[in-house]
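> As you go down the protein sequences, you meet chains A and B in turn. So for the first sequence, the numbering used here puts the first residue at 1; every next one is plus one. So for the second sequence, the numbering used here puts the first residue at 352; every next one is plus one.
Calculated from the structure, these hints are not laboratory results. Since the structure is predicted, the reported quantities are computational estimates derived from the model, not experimental observations. Cβ atoms here follow ideal geometry from the backbone N, Cα and C, with glycine treated the same way. You may find that some hints are simply not true.
To be verified - No farther apart than 30 Å at their CA atoms in a straight line, the calculated lysine-lysine pairs in the DSS-like style are these:
no., chain 1, residue 1, chain 2, residue 2
1, A, K108, B, K648
2, A, K185, A, K110
3, A, K108, A, K82
4, B, K806, A, K108
5, A, K227, A, K185
6, B, K835, B, K806
7, A, K82, A, K110
8, A, K227, A, K82
9, A, K110, B, K835
10, A, K108, A, K227
11, A, K82, B, K806
Claimed, not checked - A few chain A residues that face chain B, going by a derived Cβ cut-off under 8 Å, partial list only:
no., residue
12, G105
13, E247
14, T249
As the list claims (entries may be wrong) - Chain A is nowhere near these chain B residues, computed Cβ spacing over 10 Å in every case:
no., residue
15, P447
16, T484
17, F547
18, V644
19, T683
20, K688
21, S780
22, M811
23, L818
24, V829
25, L833
26, M869
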Amino acid sequence: MAETILSLSGIEKHYGNIPAAVDVTLDVRVGELLVLLGPSGCGKSTLLRLISGLETPDQGTISSNGRVLSDASTLVPPEERKISLVFQDNALFPHMTVCDNVAFGLPKHKAGARTRRVGEVLDMVRLADVAGRYPHELSGGQQQRVALARALAPQPALVLLDEPFSDLDRTLRIALRDEVREVLKANGTSAILVTHDQEEALAVGDRVAVQNAGRIEQIGAPEDLFKTPASRFVAEFVGETDFITGEVTPTGIRTEIGTLDQTDGMPVGTAVDIAIRADDVAITPDPNGPGTVVSRTFTGMQNVYRVRLASGAIVRSLQPHTLVLTEGTHVQVRAAPGHHLAWFPAGAYGN
Amino acid sequence: MELSSSLSTVRARRATAARRLLWSTLPVMVAAMVVVPMVLLVARLLHPTGEVWAQLWGTILPEMIRNTLLLMLGVAVITLALGSGLAWLVTAYRFPGSRIFDWALILPLAVPTYVMGFVYMATFDFAGPVQTTLRAWFGADIALPNIRSGGGAILVMGLTLYPYVYFLARAAFREQSSSTFDAARAMGYTRLQTFFRLVLPLARPSLVAGVTLALLEAMTDFATVRFFNFRTMSEGIVHVWQGMMNRDAAIELSALFLFFALTIVIVERLLRGRARYYQPGRRTRQITRVTLVGWRKWAATATCTAIFGAAFLLPAARLVSWTVGDLSNVATANVLKTVYLGYVVRTFALAATAAVIAVLIALILAQGTRMNTGRFGRAATRLATMGYALPGAVIAAGVLITVAIIDRTVMSASESLFGINPGLLLTGSIVGLLYAYVVRFMAVAYNSVESSMVKVTPNMEEAARTLGATPGRVMWRVHLPLIKVGMAAGAALVFVDVMKELPATILLAPFGMETLSMWTYMLAAESLWESAALPSLTIVIVGLIPVMLLMRVGRMATPGGNQ
Numbered sequence: 001m002a003e004t005i006l007s008l009s010g011i012e013k014h015y016g017n018i019p020a021a022v023d024v025t026l027d028v029r030v031g032e033l034l035v036l037l038g039p040s041g042c043g044k045s046t047l048l049r050l051i052s053g054l055e056t057p058d059q060g061t062i063s064s065n066g067r068v069l070s071d072a073s074t075l076v077p078p079e080e081r082k083i084s085l086v087f088q089d090n091a092l093f094p095h096m097t098v099c100d101n102v103a104f105g106l107p108k109h110k111a112g113a114r115t116r117r118v119g120e121v122l123d124m125v126r127l128a129d130v131a132g133r134y135p136h137e138l139s140g141g142q143q144q145r146v147a148l149a150r151a152l153a154p155q156p157a158l159v160l161l162d163e164p165f166s167d168l169d170r171t172l173r174i175a176l177r178d179e180v181r182e183v184l185k186a187n188g189t190s191a192i193l194v195t196h197d198q199e200e201a202l203a204v205g206d207r208v209a210v211q212n213a214g215r216i217e218q219i220g221a222p223e224d225l226f227k228t229p230a231s232r233f234v235a236e237f238v239g240e241t242d243f244i245t246g247e248v249t250p251t252g253i254r255t256e257i258g259t260l261d262q263t264d265g266m267p268v269g270t271a272v273d274i275a276i277r278a279d280d281v282a283i284t285p286d287p288n289g290p291g292t293v294v295s296r297t298f299t300g301m302q303n304v305y306r307v308r309l310a311s312g313a314i315v316r317s318l319q320p321h322t323l324v325l326t327e328g329t330h331v332q333v334r335a336a337p338g339h340h341l342a343w344f345p346a347g348a349y350g351n
Numbered sequence: 352m353e354l355s356s357s358l359s360t361v362r363a364r365r366a367t368a369a370r371r372l373l374w375s376t377l378p379v380m381v382a383a384m385v386v387v388p389m390v391l392l393v394a395r396l397l398h399p400t401g402e403v404w405a406q407l408w409g410t411i412l413p414e415m416i417r418n419t420l421l422l423m424l425g426v427a428v429i430t431l432a433l434g435s436g437l438a439w440l441v442t443a444y445r446f447p448g449s450r451i452f453d454w455a456l457i458l459p460l461a462v463p464t465y466v467m468g469f470v471y472m473a474t475f476d477f478a479g480p481v482q483t484t485l486r487a488w489f490g491a492d493i494a495l496p497n498i499r500s501g502g503g504a505i506l507v508m509g510l511t512l513y514p515y516v517y518f519l520a521r522a523a524f525r526e527q528s529s530s531t532f533d534a535a536r537a538m539g540y541t542r543l544q545t546f547f548r549l550v551l552p553l554a555r556p557s558l559v560a561g562v563t564l565a566l567l568e569a570m571t572d573f574a575t576v577r578f579f580n581f582r583t584m585s586e587g588i589v590h591v592w593q594g595m596m597n598r599d600a601a602i603e604l605s606a607l608f609l610f611f612a613l614t615i616v617i618v619e620r621l622l623r624g625r626a627r628y629y630q631p632g633r634r635t636r637q638i639t640r641v642t643l644v645g646w647r648k649w650a651a652t653a654t655c656t657a658i659f660g661a662a663f664l665l666p667a668a669r670l671v672s673w674t675v676g677d678l679s680n681v682a683t684a685n686v687l688k689t690v691y692l693g694y695v696v697r698t699f700a701l702a703a704t705a706a707v708i709a710v711l712i713a714l715i716l717a718q719g720t721r722m723n724t725g726r727f728g729r730a731a732t733r734l735a736t737m738g739y740a741l742p743g744a745v746i747a748a749g750v751l752i753t754v755a756i757i758d759r760t761v762m763s764a765s766e767s768l769f770g771i772n773p774g775l776l777l778t779g780s781i782v783g784l785l786y787a788y789v790v791r792f793m794a795v796a797y798n799s800v801e802s803s804m805v806k807v808t809p810n811m812e813e814a815a816r817t818l819g820a821t822p823g824r825v826m827w828r829v830h831l832p833l834i835k836v837g838m839a840a841g842a843a844l845v846f847v848d849v850m851k852e853l854p855a856t857i858l859l860a861p862f863g864m865e866t867l868s869m870w871t872y873m874l875a876a877e878s879l880w881e882s883a884a885l886p887s888l889t890i891v892i893v894g895l896i897p898v899m900l901l902m903r904v905g906r907m908a909t910p911g912g913n914q
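Excised from the complex, chain A in its bound form (with noise of 0.2 Å):
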């Protein structure tokens, strides 16, 4: 196991009878990159703020490097804790350039030191050439890559992205976070990127924490989030899961669009919730076919379908482009998963 750069323990946040932080415990190794990822509103911003020191939690202990930040009797000020901080709307000083900015971490550098880190900062976001414009002179995208170099200046322990990508736009959001993430693994910088958004998530973290209501439901490689959800949220709000019923049989679960090779050990009779993804279902057009196509998006190179199934149950199917069919089509929908699918107890929502 790899050395941790961060911990925190049994950490709570409460704000009356809203929960920011239930009973948090996570890890942070050296050099990784950590997601959190959750619907607004479920305190992965307010997790930021407790690492950083910009809040107090009611209970628990934040430690980073063997050294206490926060506990019962220990605060240590943010501006002592060595873990800074990436905005949303980036919160670059109005007043100073790019290079004061970037300078501002760095007050106890000599001139010469600081004017050489600074360099270096910039040139590892590209942004050497714009050292002496103003914030308002520069673009969405390298304001926000401004705000990592400032955040990188001080070579911090841990640097907290909070929603760093949001207020830009979609092209220029997927090309700046693989750049930012390739900064942060060129420099061996431990983070912490909170986004609400799934897509994101798998595609730059190490590891991704699904938190809701405070909690953390599960951590681990996206693949594994992906592959074996922990709970149904993580099933919904990871990779756009359809949910349709089943009954365990001796040969496999059945369900309405046949029936699955697995019962997972469950007794005969068992009901069960199935999480199932659009490429695990293959529709055929038929006439006498029970499932009736509802929509149909196009997304370039596929073609995602909306079905209802005879029980009334929708679940989406992927598709070549080639094969378009129009609203209301029968269809033949059968499950074809090639794999395992996760599944949970019938109509227990929640956990």
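Fit chain B to the given chain A structure using the hints.
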């Protein structure tokens, strides 16, 4: 010490808690500074001096109340008519000079009512040049209505105070979109009908706000109405305080006046309703300007010229000619020069001190309200800035009794502890006067500082903290550079307001601390118009600074407004 031996981290936690407590207490303390004098004032009403009231009621009180109400009514009607009418003229029509009048019509704001008052007195009185000339032309029978009357006072105040309504109405008309206007026109309304049915009602919150500002100014004035022999409550308080030397009666009168002022503010809130002054963010097309032709265009130009001439050109020209005349006379010039310099230095020092104190307290208030955004903090801020609605004489009375209580407390404490009687430390000192200025003009300083503070987002503060900056360094490197313009603007506004202030100054200024405004008033009260011109001119010229600031703000709010 115990602290130094404990962990630094424990200290940090305590420091955070202490800082939070400090910032939540400071706005409340500032609010208390404003509220306590007013509460003490009202408390006086609970134990009224029977004979004083009987005497006041039997003599001047009914007249004072009637005149004050008449003044309010007259000023409201004139400022509303002039302000909204002129604003509509320059917003909706194009005529010769319309672009110049657009900003020039704000200039009368730089002329204090009492300066305007004595200029009009000198010009239109029986012995003045206008009546003298008329008599020379048409014989001795010709007579104008007596300027020395309530009507004269109302006219003068209307002419100097209409820019409040004009400025806000102009901004409100400009941000109304042309589509609602055009929709009404398409439904068959004429431009004039649309103005009364649609444009005016939409601008109501701004109009009400403008009239309220004008009324508060008219209410605080005592000098103009005194020139015109029109006794209002403000004049009455100064009269009872200084003329009759009856401070207790003046204080009780002030308490009554306080309710008067508060009524106006409450009525304003009710009339404004839930609407706001501005609806920012909507950058819609403005109402299309129509080019006037024929007699209409000259009528428009003539109207604007007449108002601008009466409200600004006439007083400015008379002040300049008097000053030049007085300075070219060797005998008076030398006296004037030496005395004048003393007044300027004193006034500027006083105004600068008050401005710095007001801005520093405003800074504390703004930062405090930012850090605790609760209902309590907002209420504290509102109370702390309510001084703008209180007449100067009322504030002076409140400050006087507050300072007296502090003095008595210090005196008895000092005597029982040290056996020394230090005498009255604050009463009659410069402290009381500065206190009154800060209370009266806190809103001016606060609004400037607060609006510039918006530029510092909470995220910026936090980003700075996580980059290793202590709260002090954040204040120094991030806050101050961003808000210094707002602080300077606030200080300039307070400076000018203090320089123009008269009632509180005349009641509280210690002997030897007379200001330019007092000097102007005293000379004018003796009908020494020529001598009063130089200090008046100084006040008007410095007073142009905030008017310029206003015009810049007005222009920024309406890009392309001067097409």
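> Next step is simple, just say for each hint if it's right about the structure.
Hints, one by one, checked against the model:
no.: 1; hint: A:K108 to B:K648; result: violated (68 Å)
no.: 2; hint: A:K185 to A:K110; result: holds (27 Å)
no.: 3; hint: A:K108 to A:K82; result: holds (14 Å)
no.: 4; hint: B:K806 to A:K108; result: holds (27 Å)
no.: 5; hint: A:K227 to A:K185; result: holds (26 Å)
no.: 6; hint: B:K835 to B:K806; result: holds (11 Å)
no.: 7; hint: A:K82 to A:K110; result: holds (19 Å)
no.: 8; hint: A:K227 to A:K82; result: violated (36 Å)
no.: 9; hint: A:K110 to B:K835; result: holds (28 Å)
no.: 10; hint: A:K108 to A:K227; result: violated (49 Å)
no.: 11; hint: A:K82 to B:K806; result: holds (26 Å)
no.: 12; hint: G105; result: holds (4 Å)
no.: 13; hint: E247; result: violated (52 Å)
no.: 14; hint: T249; result: violated (57 Å)
no.: 15; hint: P447; result: holds (41 Å)
no.: 16; hint: T484; result: holds (60 Å)
no.: 17; hint: F547; result: holds (44 Å)
no.: 18; hint: V644; result: holds (45 Å)
no.: 19; hint: T683; result: holds (51 Å)
no.: 20; hint: K688; result: holds (44 Å)
no.: 21; hint: S780; result: holds (41 Å)
no.: 22; hint: M811; result: violated (5 Å)
no.: 23; hint: L818; result: violated (4 Å)
no.: 24; hint: V829; result: violated (6 Å)
no.: 25; hint: L833; result: violated (6 Å)
no.: 26; hint: M869; result: holds (41 Å)
In summary, the structure is inconsistent with hints 1, 8, 10, 13, 14, 22, 23, 24, 25 from the numbered list given earlier, while agreeing with the others.
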